[in-house]
Each structure stands twice: as C-alpha cells, then as structure tokens.
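Peer 1: Chain by chain, the residues:
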Amino acid sequence: MEAFREAFRLIVTLNDELMHILGVTLKMSFASVLLSCLAGVPMGVRLGAGKFRGRSLVMRILYTLMGMPPVVAGLIVFLLLSRRGPLGSLELLFSVPAMVIAQVVLITPIVTGLTASVVAINAPALLETANGLRLPRLTKLRLLVTENRTPLVSVVLAGFGRAIAEVGAVNLVGGNIQFKTRVMTTAIMLETSKGHFEFAIALGAILILIAFIINIAASFFRGDSHDYG
Amino acid sequence: MITVDSLKKHAGGRLILNIPRLAINKGERVALIGANGSGKSTLLKILAGVVKPDEGTTTFEGFDSPPYYMPQRSYGFAMSVFKNILLSLGPGFSAAEKREAVEAALKQFGLEHLAKKRGDRLSGGETQRLALARLFITPKSVMLLDEPSSAADIYGTQLIEKAILGYCAENNTTLVMATHSPRQALHIADRLILLRDGEIAEDTTPEELVRNPQSEWGKLFMENWKV
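If you're matching them up, the sequences are chains A and B in order.
Once you know that position 65 of the first sequence is 64 in numbering that gives the first Met the number 0, the rest is easy, because the numbers rise by one and skip nothing.
Once you know that position 41 of the second sequence is 40 in numbering that gives the first Met the number 0, the rest is easy, because the numbers rise by one and skip nothing.
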C-alpha cells in the first residue's frame with residue numbers, strides 16, 4: 000500500500016526522472032510509429048490490393064518478420080550501428096534515434112502485414128467498382144485507405160502498442176541510460192529488479208493511462224458511426 | 000463497334016467462356032441472358048477490362064470514351080451519397096457545374112433524400128441507383144451493366160429502366176447489359192444474346208427469340224421465361 004501511495008506522489012509531484020522517462024518513451028514511440036506507418040501503410044495497400052507474381056512469397060516473408068523476436072531486431076540494429084558495423088560512423092548507438100531505428104525494423108512488418116490483410120478484404124469489390132468508373136489511380140489508392148480507415152486506425156494502434164511496450168530491442172540499442180535513453184519499460188524492469196516498486200508502479204500506471212488516452216483518441220479519429228449532416 | 004475475337008476464359012480448370020466471334024454495333028442495346036453461370040458476368044468483366052481473357056481479344060472502335068462498367072455488386076463508398084456521385088465526375092467542371100450535375104443525378108434516381116447518407120449504409124436497391132447515378136452523370140459511349148436492377152423494388156426497377164433508355168437515346172450509348180428479367184430485356188434491348196455454358200446459343204432480336212427460338216436450349220429457356 001505504501002508503494003502505491005509513493006507512486007501516486009511521484010506522479011502528482013511530476014518527478015524529474017519520471018517525466019524524462021515519459022518524454023523519451025513518447026518521443027521514441029510516436030517517431031517509430033510514424034515512420035513505420037509512412038513505410039508500412041503504402042506497402043500494405045500495394046500488397047493487399049495488388050495481384051503480382053511472387054505476392055504470396057512476399058506475404059510469407061512478411062508474416063515471418065511480423066513474429067520476429069524484439070531482441071533479434073535489436074541485435075541486427077546493434078550490429079549495424081556498433082563502432083565496427085557498416086553504420087558505425089553515424090555514432091547512433093545508445094541514443095534515441097538508434098531505439099527508433101530498432102522499433103521501425105520491428106514495427107514496419109507488423110503495420111505492412113496487418114494493412115495488407117485489412118485491404119485485401121474489400122479491395123476486389125472496391126477496385127471492380129472504381130475501375131468500372133475509370134477513376135484515376137491516385138483516387139483508387141486514396142479510396143483503399145479511406146474505405147479502411149477504421150481497421151487501419153487499429154493497425155496504427157497495434158504498432159503503437161508494440162512500440163510503447165517493447166523492452167528487448169530498445170534495451171540492447173539504447174542501453175537504458177538514465178536521463179538519456181531510459182524508457183518506461185526498461186525503467187520498470189530496472190526499478191523492479193532493484194526493489195523500487197513505487198517507481199515501477201508509477202510508470203505502470205502512466206503506461207496504462209497512455210493506452211487509455213490513445214484508445215479514446217482512436218475512436219474519435221475512426222469517425223465511423225454517423226451520416227453526414 | 001465492339002468486336003470480340005476468339006475469346007476464351009478458364010476457371011477452376013473448366014472453360015467458362017468460349018466466344019469465337021461477336022460484333023456489337025455502335026448504338027445497339029444488347030441484353031445478355033442465360034442461366035446462372037452461363038458466362039454473362041464474365042463476358043461483361045472482360046469487355047470492361049477488369050478480367051483478362053486467357054485467349055482472344057476485345058476491341059472498341061469508333062467510340063469517344065472507354066467502356067464504363069457497373070458490377071453486379073456495386074460498392075457504395077463510405078462518404079455521403081452526394082460525394083459518391085461527385086467522385087465520378089472528372090476534372091474540367093466548375094464548382095457550380097458539379098453541384099448542378101450531382102443534384103440532377105440525385106433527382107433522376109430518386110436519391111435526393113439520401114444525399115447526406117453514407118454510401119456504404121444504403122440498401123441493395125439504393126446502392127444500385129447510386130451506382131447508376133455515378134455512371135450516368137456524364138455522357139459515355141459504351142456502358143456495360145451487370146444486372147443493374149437485381150436488388151431494386153418495382154419503383155426502383157421502373158426508374159432504372161426509364162433512366163437507361165433515356166440515357167442511351169440521348170447519348171447514342173452502346174449498351175451491353177446482363178439481366179435475368181425477361182420484361183427488362185424485352186423492354187430495353189434491341190438485341191438478345193442467349194448464353195449457355197459460356198457459348199452463344201442464340202443471337203437475335205427480342206421478337207425473334209420470343210416467337211421463333213432456333214436452338215433447343217433457346218426454346219427451353221423461353222418456355223421457362225414464360226414470355
């Protein structure tokens with residue numbers, strides 16, 4: 000009970016370290032989801048709506064990557080960014096950008112695969128009508144996205160959920176450095192192992208609150224329950 | 000003229016369409032009739048270019064615009080009915096012209112009261128009227144319609160048939176339409192093509208097919224049609 004009381008105090012007093020961890024977590028999560036969606040949604044639409052040779056092979060590879068263990072993604076990015084790696088000269092290891100790169104490697108296949116699955120459901124009927132109307136290519140692409148906006152919001156949420164809850168990859172490439180690359184999940188792991196439950200509880204409570212706010216925002220953006228007045 | 004040459008299409012290892020030669024003249028109104036699975040929709044889809052044939056060619060000569068096509072299950076986009084119709088209006092129109100054209104299309108198909116309703120929330124018959132309103136908003140040379148009133152009620156069917164006839168007469172549009180309704184085929188078409196197992200069993204005028212079907216299948220089909 001004392002731990003919960005202390006956790007509440009940390010939150011309401013806007014504890015410095017807590018706020019820094021929160022800031023890094025949100026910055027990293029939003030950046031990685033944004034980049035993953037910019038790459039993954041168009042690829043997913045193309046895969047879901049397109050008929051081309053090798054599509055099923057691409058889908059199989061994608062589904063394999065969707066289940067990639069985070070530590071493997073972290074290891075790949077670590078090797079790329081380490082001093083002797085091909086991108087070592089960028090000196091990004093143990094920084095927030097490195098964590099974002101690892102997250103993008105992890106989340107892009109998820110966003111792409113889920114988008115492809117969503118789009119594939121109504122693409123044949125939608126495109127048959129759109130092609131019959133001789134709509135321009137860009138209009139058809141826009142329709143494939145807007146007609147699936149409700150499930151696509153869920154796809155983005157799934158990506159965000161993965162980003163904010165991920166530990167393994169960000170721990171490897173970020174190094175969990177205090178006031179630099181420490182995020183909520185790595186901090187919870189560390190503080191729990193040290194027996195500082197109040198800090199871990201405070202972080203856990205904020206994590207759940209963020210998930211709740213994101214869900215409310217998502218239902219607002221879906222805008223799927225009304226006609227047009 | 001629309002010309003079909005040596006057309007073949009397979010599905011599931013079976014030959015579902017086999018048309019050695021078919022020519023449709025400019026301005027003709029053709030109804031494709033036949034039992035389910037006889038190849039009506041496949042032929043329309045190939046003509047529309049949404050399905051590729053395994054063999055053969057289709058050519059369109061002497062038309063001002065490419066063929067436009069309404070599938071059997073048209074898609075109402077998740078935007079207002081007004082915007083659904085607006086979507087099919089190409090560039091080159093002022094805002095006032097667009098509004099006027101959409102309002103005229105809404106009125107023609109009895110959709111005024113649904114203008115603000117979402118296109119994906121319409122009934123089957125309403126969606127078909129919306130699909131036709133989208134197509135008929137500008138003049139087109141060739142129109143391919145797959146059972147355009149299959150989900151419509153009596154009022155909707157009359158409205159659709161009147162619109163098709165008026166539109167074709169006004170724009171000298173070549174029409175190829177699949178239908179299961181004998182009354183509709185005889186009312187709209189000036190040529191009937193009876194398909195059986197992907198092949199043309201009869202190709203004649205409505206009067207001839209009603210009075211004097213040439214093939215056994217034609218006779219049987221007309222008996223069942225009870226014309």
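FYI, nobody ran anything at the bench for these hints, they're computed from the structure.
Please note that the accuracy of each hint is not assured.
Simulated crosslink set (DSS-like; lysine-lysine; CA at most 30 Å straight-line) [stated by the list, open to error]:
| hint | chain 1 | residue 1 | chain 2 | residue 2 |
| --- | --- | --- | --- | --- |
| 1 | B | Lys-161 | B | Lys-218 |
| 2 | B | Lys-115 | A | Lys-50 |
| 3 | B | Lys-82 | A | Lys-139 |
| 4 | B | Lys-82 | B | Lys-97 |
| 5 | A | Lys-139 | B | Lys-115 |
| 6 | B | Lys-218 | A | Lys-139 |
| 7 | B | Lys-161 | B | Lys-139 |
| 8 | B | Lys-116 | B | Lys-82 |
| 9 | A | Lys-50 | B | Lys-51 |
| 10 | A | Lys-139 | B | Lys-106 |
| 11 | B | Lys-161 | B | Lys-25 |
Peer 1: Hint by hint, note whether the structure agrees.
Peer 2: To see whether the hints hold, each was checked on the structure:
Between B:Lys-161 and B:Lys-218 the CA atoms are separated by roughly 29 Å; this keeps the pair inside 30 Å, and the hint holds. For a cut-off of 30 Å, the pair hint linking B:Lys-115 to A:Lys-50 is broken: about 35 Å separates their Cα positions. The hinted pair formed by B:Lys-82 and A:Lys-139 meets the criterion: a straight-line CA distance of about 15 Å does not exceed 30 Å. Simply put, B:Lys-82 and B:Lys-97 have alpha-carbon atoms about 10 Å apart, close enough for the 30 Å limit, and the pair holds.
Restraint check: the Cα-Cα separation between A:Lys-139 and B:Lys-115 comes to about 22 Å, which is no more than 30 Å; the hinted pair holds. Restraint check for B:Lys-218 and A:Lys-139: not satisfied, since their Cα atoms lie roughly 45 Å apart, outside the 30 Å limit. A distance of roughly 17 Å separates the Cα atoms of B:Lys-161 and B:Lys-139; the hinted pair therefore holds under the 30 Å criterion. The suggested pairing of B:Lys-116 with B:Lys-82 holds, with an alpha-carbon distance near 10 Å, which does not exceed 30 Å.
Taking the CA atoms of A:Lys-50 and B:Lys-51, the gap is about 12 Å. The hint holds against a cut of 30 Å. For the proposed pair A:Lys-139 and B:Lys-106, the alpha carbon gap of about 27 Å is at most 30 Å, so the pair holds. Taking the CA atoms of B:Lys-161 and B:Lys-25, the gap is near 20 Å; set against the 30 Å cutoff, the hint holds.
Hint compliance for this structure: hints 2, 6 are not met, and every other hint is.
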